[in-house]
Amino acid sequence: MSEALLAARAAGTDTTVPAGSGARQFWRRLRTQHAALVAAAVVALLVLVALAAPLLTALEGQDPTTYHPSLVDSARGGVPVGPLGGASADHWLGVEPQTGRDLFARLVYGARVSLGVALAATVVQVAIGITLGVAAALGKRWVDQLLSRFTDIIVAMPLMIMSLALLAIVPSSFPRPVLVALVIGLIGWGNIARIVRAQTLTLKELDHVSAARLSGWGTWSIARRELLPGIAAPVITYAALLVPSNITVEAALSFLGVGVKPPTPSWGQMLTAADVWYQAAPQYLLLPAGALFITVLALTVLGDGVRTALDPRAASRLRVGTGRRRESKAAGGGTA
Amino acid sequence: MRHPSVTARRVAAASVSLVLAAGAAACGPKDNDAKGAGGDSTPHKGGTLTVLNANPQQDFDPARLYTSGGGNVPSLVFRTLTTRNRENGAAGAKVVPDLATDTGRPNKDATVWTYTLKKGLKYEDGTPVTSADIKYGIERSFAPELSGGAPYLRDWLVGAAGYQGPYKDKKGLDAIETPDERTIVFHLNKPEGEFPYLATQTQFAPVPKSKDTGTKYEEHPVSSGPYKVVRNENDGERLVLERNPQWSAATDAERKAYPDRIDVRSGLDSSVINQRLSASQGADAAAVTTDTNLGPAELARVTGDKDLASRVGTGHFGYTNYIAFNPSIKPFDNAKVRQAISYAIDRSSVVNAAGGSALAEPATTFLPDQKSFGYTPYDHFPASKAGDPAKARELLKEAGYAKGLTVTLTHSNAKDFETSPEIATAIQDALKKAGITVKLQGLEENDYSDKIHDVKTEPGFFLAHWGADWPSGGPFLAPIFDGRQIVKDGANFNTGLLNDKSVNAEIDAINTLTDLDQAAKRWGALDKKIGEKALTVPLFHPVYKRLYGEDVKNVVISDWTGVLDISQVAVK
Numbered sequence: 001m002s003e004a005l006l007a008a009r010a011a012g013t014d015t016t017v018p019a020g021s022g023a024r025q026f027w028r029r030l031r032t033q034h035a036a037l038v039a040a041a042v043v044a045l046l047v048l049v050a051l052a053a054p055l056l057t058a059l060e061g062q063d064p065t066t067y068h069p070s071l072v073d074s075a076r077g078g079v080p081v082g083p084l085g086g087a088s089a090d091h092w093l094g095v096e097p098q099t100g101r102d103l104f105a106r107l108v109y110g111a112r113v114s115l116g117v118a119l120a121a122t123v124v125q126v127a128i129g130i131t132l133g134v135a136a137a138l139g140k141r142w143v144d145q146l147l148s149r150f151t152d153i154i155v156a157m158p159l160m161i162m163s164l165a166l167l168a169i170v171p172s173s174f175p176r177p178v179l180v181a182l183v184i185g186l187i188g189w190g191n192i193a194r195i196v197r198a199q200t201l202t203l204k205e206l207d208h209v210s211a212a213r214l215s216g217w218g219t220w221s222i223a224r225r226e227l228l229p230g231i232a233a234p235v236i237t238y239a240a241l242l243v244p245s246n247i248t249v250e251a252a253l254s255f256l257g258v259g260v261k262p263p264t265p266s267w268g269q270m271l272t273a274a275d276v277w278y279q280a281a282p283q284y285l286l287l288p289a290g291a292l293f294i295t296v297l298a299l300t301v302l303g304d305g306v307r308t309a310l311d312p313r314a315a316s317r318l319r320v321g322t323g324r325r326r327e328s329k330a331a332g333g334g335t336a
Numbered sequence: 001m002r003h004p005s006v007t008a009r010r011v012a013a014a015s016v017s018l019v020l021a022a023g024a025a026a027c028g029p030k031d032n033d034a035k036g037a038g039g040d041s042t043p044h045k046g047g048t049l050t051v052l053n054a055n056p057q058q059d060f061d062p063a064r065l066y067t068s069g070g071g072n073v074p075s076l077v078f079r080t081l082t083t084r085n086r087e088n089g090a091a092g093a094k095v096v097p098d099l100a101t102d103t104g105r106p107n108k109d110a111t112v113w114t115y116t117l118k119k120g121l122k123y124e125d126g127t128p129v130t131s132a133d134i135k136y137g138i139e140r141s142f143a144p145e146l147s148g149g150a151p152y153l154r155d156w157l158v159g160a161a162g163y164q165g166p167y168k169d170k171k172g173l174d175a176i177e178t179p180d181e182r183t184i185v186f187h188l189n190k191p192e193g194e195f196p197y198l199a200t201q202t203q204f205a206p207v208p209k210s211k212d213t214g215t216k217y218e219e220h221p222v223s224s225g226p227y228k229v230v231r232n233e234n235d236g237e238r239l240v241l242e243r244n245p246q247w248s249a250a251t252d253a254e255r256k257a258y259p260d261r262i263d264v265r266s267g268l269d270s271s272v273i274n275q276r277l278s279a280s281q282g283a284d285a286a287a288v289t290t291d292t293n294l295g296p297a298e299l300a301r302v303t304g305d306k307d308l309a310s311r312v313g314t315g316h317f318g319y320t321n322y323i324a325f326n327p328s329i330k331p332f333d334n335a336k337v338r339q340a341i342s343y344a345i346d347r348s349s350v351v352n353a354a355g356g357s358a359l360a361e362p363a364t365t366f367l368p369d370q371k372s373f374g375y376t377p378y379d380h381f382p383a384s385k386a387g388d389p390a391k392a393r394e395l396l397k398e399a400g401y402a403k404g405l406t407v408t409l410t411h412s413n414a415k416d417f418e419t420s421p422e423i424a425t426a427i428q429d430a431l432k433k434a435g436i437t438v439k440l441q442g443l444e445e446n447d448y449s450d451k452i453h454d455v456k457t458e459p460g461f462f463l464a465h466w467g468a469d470w471p472s473g474g475p476f477l478a479p480i481f482d483g484r485q486i487v488k489d490g491a492n493f494n495t496g497l498l499n500d501k502s503v504n505a506e507i508d509a510i511n512t513l514t515d516l517d518q519a520a521k522r523w524g525a526l527d528k529k530i531g532e533k534a535l536t537v538p539l540f541h542p543v544y545k546r547l548y549g550e551d552v553k554n555v556v557i558s559d560w561t562g563v564l565d566i567s568q569v570a571v572k
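Chains as they are written, first to last, in our numbering: chain W, 1 to 336; chain B, 1 to 572.
Simulated from the structure, these hints should not be mistaken for laboratory data.
Hints are not guaranteed to be accurate.
Said to hold, decoys possible - Facing chain B, a subset of chain W residues (Cβ under 7 Å, in silico):
1) V79
2) G82
3) G257
4) A280
What the hints assert, rightly or not - Beyond 12 Å from chain W on every Cβ pair, some chain B residues (computed):
5) L268
6) D429
7) E550
Stated by the list, open to error - Across the chosen pairs, the derived CB separations fall in these ranges:
8) B:G490 x W:W142: 50 to 58 Å
9) B:R238 x W:G82: 57 to 65 Å
10) W:I153 x B:R238: 38 to 46 Å
11) B:G47 x W:A89: 22 to 30 Å
12) W:V47 x B:G490: 48 to 56 Å
13) B:E233 x W:A89: 53 to 61 Å
Please read all numbers here as calculations on a predicted model, not as lab measurements.
C-beta atoms are modelled at their ideal positions from N, C-alpha and C, and glycine is treated no differently.
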C-alpha cells in the first residue's frame with residue numbers, strides 16, 4: 001500500500017476497504033459525542049413534528065388559518081385575551097394577536113416550510129456544487145478556469161440581495177415554497193463547489209485513481225466510482241452546516257415579505273408580524289424565534305458532530321484521548 | 001386628499017405620497033377633550049414645540065403641496081383665501097375665511113367666485129399681500145416643474161387645461177381677474193358649489209412674483225402666516241420655524257400660534273417616534289407628530305398604561321377602505337356574485353386585521369360616516385358582524401356557482417393595515433365559509449397602484465381605499481363613480497367602470513348647489529343609490545390614534561384632517 005492510499009484510508013476515503021466499515025466507524029465516532037446525539041434527537045423530533053403537523057393540530061382541534069375574532073381584544077389593538085397570550089386547553093400556545101389564529105398550529109405548520117425549504121435548497125446546492133466542482137477539477141484547463149471564476153462570482157454575490165431580486169421578478173403564480181428553495185439553492189452553491197474541486201484535485205492524483213485511469217476507465221466512471229466516495233465526507237459535513245444557514249435565509253426572506261405567501265405560515269413570516277408585538281404580546285415573538293433558535297442550534301451542533309466524526313485527526317483524538325502527540329504523529333505519517 | 005399611494009393623475013409622486021402620509025396620519029382627541037395632561041390646562045404663549053415625524057417635508061413650495069399635506073406644518077407659513085375651521089370634531093369640517101373676508105361670493109350658477117382680501121395683510125418682509133400675488137401663486141402651480149397639487153384648478157378654471165404656468169406663458173390665466181389689490185375673481189367652466197373648499201389649498205397662498213425663485217422657492221418660501229422658515233436642512237428633514245413678527249392675530253382668527261418656535265425633526269422610524277413620545281423625556285415632552293399613528297401593538301401597550309392613554313389623541317379623517325370589483329372581468333360581471341361576497345364579509349375580523357375597534361370602524365357605506373360628507377346610513381347587503389355565509393351561498397347558487405367559486409384577490413404588500421396582506425387573509429378566511437376559495441395576489445406597492453389604476457390591467461377583485469380632498473361628498477364620489485371620469489390612458493379611479501347617465505346627471509346637479517348642507521344630503525342619497533349596484537364592498541373607516549408629549553396642551557383634532565392641528569397646540 002502506498003503512502004497516498006494510507007492517507008486516503010485515514011481520511012475515511014479509501015474505497016478499497018469494505019463499504020460497511022467506514023459507516024460503522026463513523027457511527028462509532030458520532031456515538032461518543034453526546035451533544036451531537038442530543039442535537040440529532042432534536043432534529044429528528046423537529047422533522048417528525050413537521051411531518052405530523054396535520055395530526056398534531058387535529059389532536060389540538062385547530063388549524064393554522066381559521067380566525068377567532070372572539071379570542072382577541074378588539075378595543076386594545078387585537079391583543080390576545082387572557083394570560084400567556086390566550087393559552088388554553090384549546091389553544092396550547094395561545095393565539096395570534098389581531099386574528100386569533102392558533103399559534104401552535106401555525107408554529108408546527110411553519111416548521112414544514114422552514115425545514116422543507118431549507119432541506120430542498122441544500123439538496124440543490126449540493127447537487128450543483130458537486131457537479132461543477134468535479135467538472136472543474138477533471139475538465140480541461142479552460143473549463144476549470146471558467147467554472148472557478150463563475151464560482152468566484154457566485155460566492156461574491158450577496159445572497160440576500162440576489163434572492164430579493166430573483167423573487168421579485170418571478171410571477172406570483174409560481175408555487176412559492178418551491179421557488180424560495182430554488183432561489184436559495186441556485187445562489188448558495190459556491191462554497192460546496194470550491195470544496196469539491198479542491199478535494200477532487202487531491203484525490204485524482206492518488207494511485208487508485210491513476211490505476212483506474214491507466215486501466216482505461218472513462219472520466220465519468222472514475223468520477224462516479226473512485227472520486228464521489230472520496231468527496232462524500234466534506235460534502236456531508238458542509239451540507240449539515242448549510243441547512244441551518246438556509247433556514248435563516250428563508251426566515252429572512254419571509255421576514256422581508258418575499259418568502260412564502262400568506263396565509264401559509266412560516267417562522268420568518270411569523271417573526272415579521274410579531275416584531276412590533278414584543279412588548280404587548282411577547283410569546284408571539286418568542287415562539288417562532290425560539291423554534292428558529294433551537295432548530296439552527298441543533299443542526300449546527302449536529303453538523304459539527306458529523307464533521308468531527310468524519311475528520312480522522314479529531315476522531316483519533318476522540319478515540320484514544322491522548323491528544324496532540326498522536327495527532328501530530330498521524331499527520332506526519334500521512335505526509336511523509 | 002385622494003387615495004394615498006395614488007398620485008392623482010400622475011402628479012409628482014413623491015410629493016403626493018408625502019402629503020398623503022401626512023394627511024392620512026392623523027391624531028387628536030375627539031373622545032378626550034382636547035386638553036393636555038398637565039394640571040393647568042390653559043394654553044400660554046412661548047416655548048418650543050418639537051415635531052417628530054417619519055416623512056421629511058421634502059416639498060415646502062405651496063404650488064407642490066397636495067390638499068391635506070398642506071394642512072399641517074405648511075399651514076403655519078402659508079395663509080390661503082379660505083381655510084379649515086380649527087375646531088374639534090364635526091365643527092372642524094367647516095370651511096372658514098382666512099385671507100379673504102368671507103368664504104367667497106358666487107354668481108347665480110356658481111361659475112364665478114369673487115373674494116375680497118382682509119386689510120393689513122403682510123408678508124414676513126413687511127410688504128403687503130395683494131390679490132395679484134394669489135393669482136400668481138395659482139398660476140405657478142400650473143408649471144410642470146412645480147407639479148404636485150390636486151388637479152381641480154386645471155379642471156375647473158376656464159381655459160386652464162393646457163396652461164403651462166407663468167414661466168412659459170407670461171400672459172397668465174384669464175380665468176383669474178384681479179380688478180384691484182384686494183379683489184380676486186375666478187371664472188369656472190362649470191358650476192362648482194364647493195369652490196370655497198378648493199380655496200383652502202396651499203395653491204391659493206400668495207407668492208410675491210419678485211421673490212419667486214422657481215423650484216428653489218421651497219428653500220425659503222415667503223411667509224404670510226404666523227411663522228417663517230429659518231432653517232431647512234437635508235430637503236426638509238430638519239425644519240425650524242420662528243415667529244413672523246409681521247403676522248397679526250387680528251387678521252387671523254384660526255391660527256393660535258402659541259409656541260415661539262417649531263422644531264421639526266423627521267426621517268425617524270415610526271416605532272422610535274412612538275417610543276420617544278411615550279417616554280416624553282426632555283424636549284420630547286413638548287413634542288407631537290403630524291404623520292405617525294399608533295399601530296395595533298403599540299395601542300395594546302398604551303391602553304394598558306393610564307398615563308399614556310391620557311396622552312392619546314383620536315381623529316376621524318374622511319376615508320374608506322373597501323373591496324373594489326371590476327365588472328368587466330368574470331365572474332364579477334354578475335351582480336349576484338358581487339352581492340354574495342358583500343354578504344360573506346366578516347367585518348369584525350377585517351376590523352381586527354386593521355388594528356381592532358379602536359383603529360377602525362366597520363363601514364357599510366362608501367361615504368365616510370360624517371355629516372359633512374352627507375353620510376346616509378345604509379346596509380344593502382346586511383352581513384351582520386361576522387358575515388352571512390348562508391345568504392352568500394344562496395346567491396352563488398342563483399348565479400350558477402352552486403359548487404362554490406374560486407377567485408383571486410389582489411392586494412399590496414405594503415405594511416399599512418389597509419390594502420395589506422393582513423386584510424386580504426381576513427377576507428380569504430371569511431369567504432371560505434361561503435364556499436368561495438380566495439387566492440391571494442400580493443403585489444409590490446407601486447406595481448399594485450399602477451395595475452389597479454389602469455383600465456387595461458385592472459384586476460377583477462382587489463383591495464382599495466379612498467380619502468377625501470376635502471370633507472364633502474363631491475371629491476369622494478365623483479372620481480370613483482362619474483362615468484365621464486373613466487380614464488382610458490392614464491390613472492383611472494373609476495375602478496367599477498360605472499357610466500350611469502342618472503348618476504352623472506345627479507353629480508352635475510349637486511355641483512351647482514352652493515348650499516353645502518343641501519349638497520351633502522344629495523351626496524348621501526346618491527351614495528345610497530350607487531351602493532345598490534354592489535360595485536364595492538365598504539370594509540372600514542380608519543380611526544387615527546396619536547401620542548403627544550406630557551407638556552402639550554390645547555390639542556384640537558378636526559374631522560377634516562383627523563390630525564392634531566399644529567396651529568392650535570401650546571407647550572406652556
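Which numbered hints does this structure break?
-> 2, 6, 9 and 11
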